[in-house]
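In order, the protein sequence lines correspond to chains Z and F.
Counting from 0, one number per residue, gives the positions in the first sequence under numbering that gives the first Met the number 0.
Counting from 0, one number per residue, gives the positions in the second sequence under numbering that gives the first Met the number 0.
No lab work stands behind these hints, which were simulated from the structure alone.
Please note that the accuracy of each hint is not assured.
Stated by the list, open to error - If you only want the chain Z side, here are some residues facing chain F, beta carbon under 10 Å, derived:
1) 7
2) 9
3) 14
4) 58
5) 66
6) 95
Unchecked claim - Negatives, chain Z to chain F, calculated, CB over 12 Å:
7) 28
8) 39
9) 40
10) 43
11) 48
12) 76
13) 87
14) 118
15) 124
Just so you know, even glycine gets a beta-carbon here, dropped at the ideal spot from N, CA and C.
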Amino acid sequence: MKIILKGRKVIGGVAEGEAVVTKEPVSFLGGVNPDKGIVVERGHELEGKSITGKIFVFPHGKGSTAGPYIIYAMAKRKTAPAAMINVEAEPIIAVGAAMGNIPLVDRLDKNPLEAIATGDWVRVDGDRGVVEIIKKEDG
Amino acid sequence: MNLTDREKRMLDGAFGTGPQSAMRLLATLGEIYGAERMIPVSSCHVGGRSYLISGEENIEWMTDLLNGGARFQVFTSTNPCSADSERWKEMGLPEELVVKQRRADEPYLKMGAVPLGSCLPYQLGNVPLPGTHFAWGGSAGATFVNSVLAARGNREGSPSVIAAAIAGVTPEYGLHLKENRYGKVLVDLSGLDHSSLCLSDYSAIGSYVGRTLLDKTPVVVGLPQTVSQDQIRFLISPMPTAGAISLCHIVGITPEAPTVEAALGGKKPADKISVGLREMQSSFEKLTTTRQEDVDLVCFGCPHCSIPQIRQIASLLEGRKVHANTRLWVATSGHLKVMAQLMGYVEIIEKAGGLVLTDLCVAPGAPFHLVPGVKTVAINSARGAYFIPGACNLDVIFGDTEDCIAAAITGRFRRSR
Chain Z
0 MKIILKGRKV
10 IGGVAEGEAV
20 VTKEPVSFLG
30 GVNPDKGIVV
40 ERGHELEGKS
50 ITGKIFVFPH
60 GKGSTAGPYI
70 IYAMAKRKTA
80 PAAMINVEAE
90 PIIAVGAAMG
100 NIPLVDRLDK
110 NPLEAIATGD
120 WVRVDGDRGV
130 VEIIKKEDG
Chain F
0 MNLTDREKRM
10 LDGAFGTGPQ
20 SAMRLLATLG
30 EIYGAERMIP
40 VSSCHVGGRS
50 YLISGEENIE
60 WMTDLLNGGA
70 RFQVFTSTNP
80 CSADSERWKE
90 MGLPEELVVK
100 QRRADEPYLK
110 MGAVPLGSCL
120 PYQLGNVPLP
130 GTHFAWGGSA
140 GATFVNSVLA
150 ARGNREGSPS
160 VIAAAIAGVT
170 PEYGLHLKEN
180 RYGKVLVDLS
190 GLDHSSLCLS
200 DYSAIGSYVG
210 RTLLDKTPVV
220 VGLPQTVSQD
230 QIRFLISPMP
240 TAGAISLCHI
250 VGITPEAPTV
260 EAALGGKKPA
270 DKISVGLREM
280 QSSFEKLTTT
290 RQEDVDLVCF
300 GCPHCSIPQI
310 RQIASLLEGR
320 KVHANTRLWV
330 ATSGHLKVMA
340 QLMGYVEIIE
350 KAGGLVLTDL
360 CVAPGAPFHL
370 VPGVKTVAIN
380 SARGAYFIPG
390 ACNLDVIFGD
400 TEDCIAAAIT
410 GRFRRSR
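Take the sequences, apply the hints, and build the full model.
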């Protein structure tokens, strides 16, 4: 089964990969290790999980305005997500995605935190603001 | 968003990958905030150059921009950083930090930044013209320009300021638009005896206003006609840290606020608060994180010390000695230190055992935690006291200038009132 969602382009580019989904906001500065691409925030539901090469789905960013530097560093070190999907993008994530050239879409016509599950195969077309989801159980 | 032909060509890479990255970042911000167009900026001031804040990632990004052909197109000055590069040894800092900071500064200088190294750029030649737009990092400076100098800008993180300096434009949103600049809450200071207040008191008041109003623009009444630039600076500089305020109307001083009605845009205030002694005093308590009296380091300079402040510190220290277990740092700009030297203040302060330091940030980018033996810092501003515990993981005491000087001399902090 293929689900297609439409939303807003924030940063263009096309990427696909396995989804990692969290309902909790994400702080890249202090919350993600840029060398390893792993979430390190204590008590975060993704603590210890890798986001490298994944389609990273989360509600929005939080924390320091220095967060964009971390996203940028991950892009340089090839530990960044392949693309990001937010419920509502805010400047920290958006500026980081712009600096690291990572496709980012938000404001989808369905809540991505419910429509997408960790393990689904997702294709993000940042230029058109379109997200295609192939549910995991369909294999 | 409507982009001009020049902006579109920059976005398409016609001017190189550096300007292209800058324009992509600005266009992204513009989309998120719903800006309709870009507007030219007349002045930029970059924060975030401190190696302790932005580290290797910023060096990589700035180097990529530089190699991609980016240069600053508008007057761009720099905020202070983590060390005085001449006096790191006396400060007790590792040389490694200074070496890394020099490397971090290289791309800024190559792109054409003027190394003021201060958060008082408006005292040092970076003065946005009235009616123009600016892009400044360092929220104390941005708030001062919005509130006093009649130019318009938002409080920004450093990547978007660097992008604006390269592209020469910024998206028109937030405080660039007149309709977002009107005051919302009336703040009455007329109940205070202003002749008895010191600089630190104004910063305590500003901190109370920030944490009470959060992001609502204040309209301040009740300041005396004799109010000084330093007093205004101390009043408004904690507002962006205690709250998210980047514009404070001071009726009779802010160019957009000749009257209360003009400041409010003809509307009724959403709320009205009065600040008295109790509210003011609450900031000193709230921002002090320890009950210990021992103080390892006393510092002045968040924001950077002006000449009148350096004069006061010198007069309080004249003929006295800083305690053997306590350090005293006075942070200012290179320009103002030269003036203070000519006026004899630097000699008085350093003879007493203090250091007058330049290019050093004593709050968000401060290196206190790298100085051996420093566990508790005393500072005379609410803005500094807000940053130090989080940035350096140390205890902080927020006291007035006289009590801080007494602490430097005795090694122990005691509130005199």
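Self-check item: Status of the residue 7(Z) interface restraint (C-beta, 10 Å, chain F)
Solution: Because about 8 Å separates residue 7(Z) from the closest Cβ in chain F, which is inside the 10 Å limit, the hint holds.
Quiz item: Non-interface claim for residue 76(Z): all C-beta distances to chain F beyond 12 Å?
Solution: 9 Å, violated
Quiz item: Is the Cβ of residue 28(Z) more than 12 Å away from each Cβ in chain F?
Solution: 10 Å, violated
Self-check item: Restraint satisfaction for residue 9(Z) [CB to CB of chain F, less than 10 Å]
Solution: 6 Å, holds
Quiz item: Given residue 58(Z) as an interface hint, is the shortest Cβ-Cβ distance to chain F below 10 Å?
Solution: Violated, about 15 Å.
Exercise. Answer holds if the nearest beta-carbon of chain F is closer than 10 Å to that of residue 14(Z); otherwise answer violated.
Key: 17 Å, violated
Quiz item: Taking the closest Cβ pair, is residue 66(Z) under 10 Å from chain F?
Solution: 9 Å, holds
Practice problem: Could you let me know if the closest chain F CB is still more than 12 Å away from the CB of residue 87(Z)? | Solution: 9 Å, violated
Exercise. Determine whether the non-interface label on residue 118(Z) survives the test: each CB of chain F must be over 12 Å from its CB.
Key: Non-interface label stands for residue 118(Z): nearest chain F Cβ at 29 Å, farther than 12 Å.
Self-check item: Beyond 12 Å from every chain F Cβ - status for residue 39(Z)
Solution: The claim stands: residue 39(Z) keeps its Cβ more than 12 Å from every Cβ of chain F (closest is about 16 Å).
Self-check item: residue 40(Z) non-interfacial with respect to chain F [C-beta, more than 12 Å]
Solution: Correct as stated: the minimum Cβ-Cβ distance to chain F is 16 Å, above 12 Å.
Quiz item: Taking 10 Å as the limit, does the beta-carbon of residue 95(Z) come near enough to a beta-carbon in chain F?
Solution: 8 Å, holds
The structure fails to meet hints 3, 4, 7, 12, 13 from the earlier list, while all remaining hints are met.
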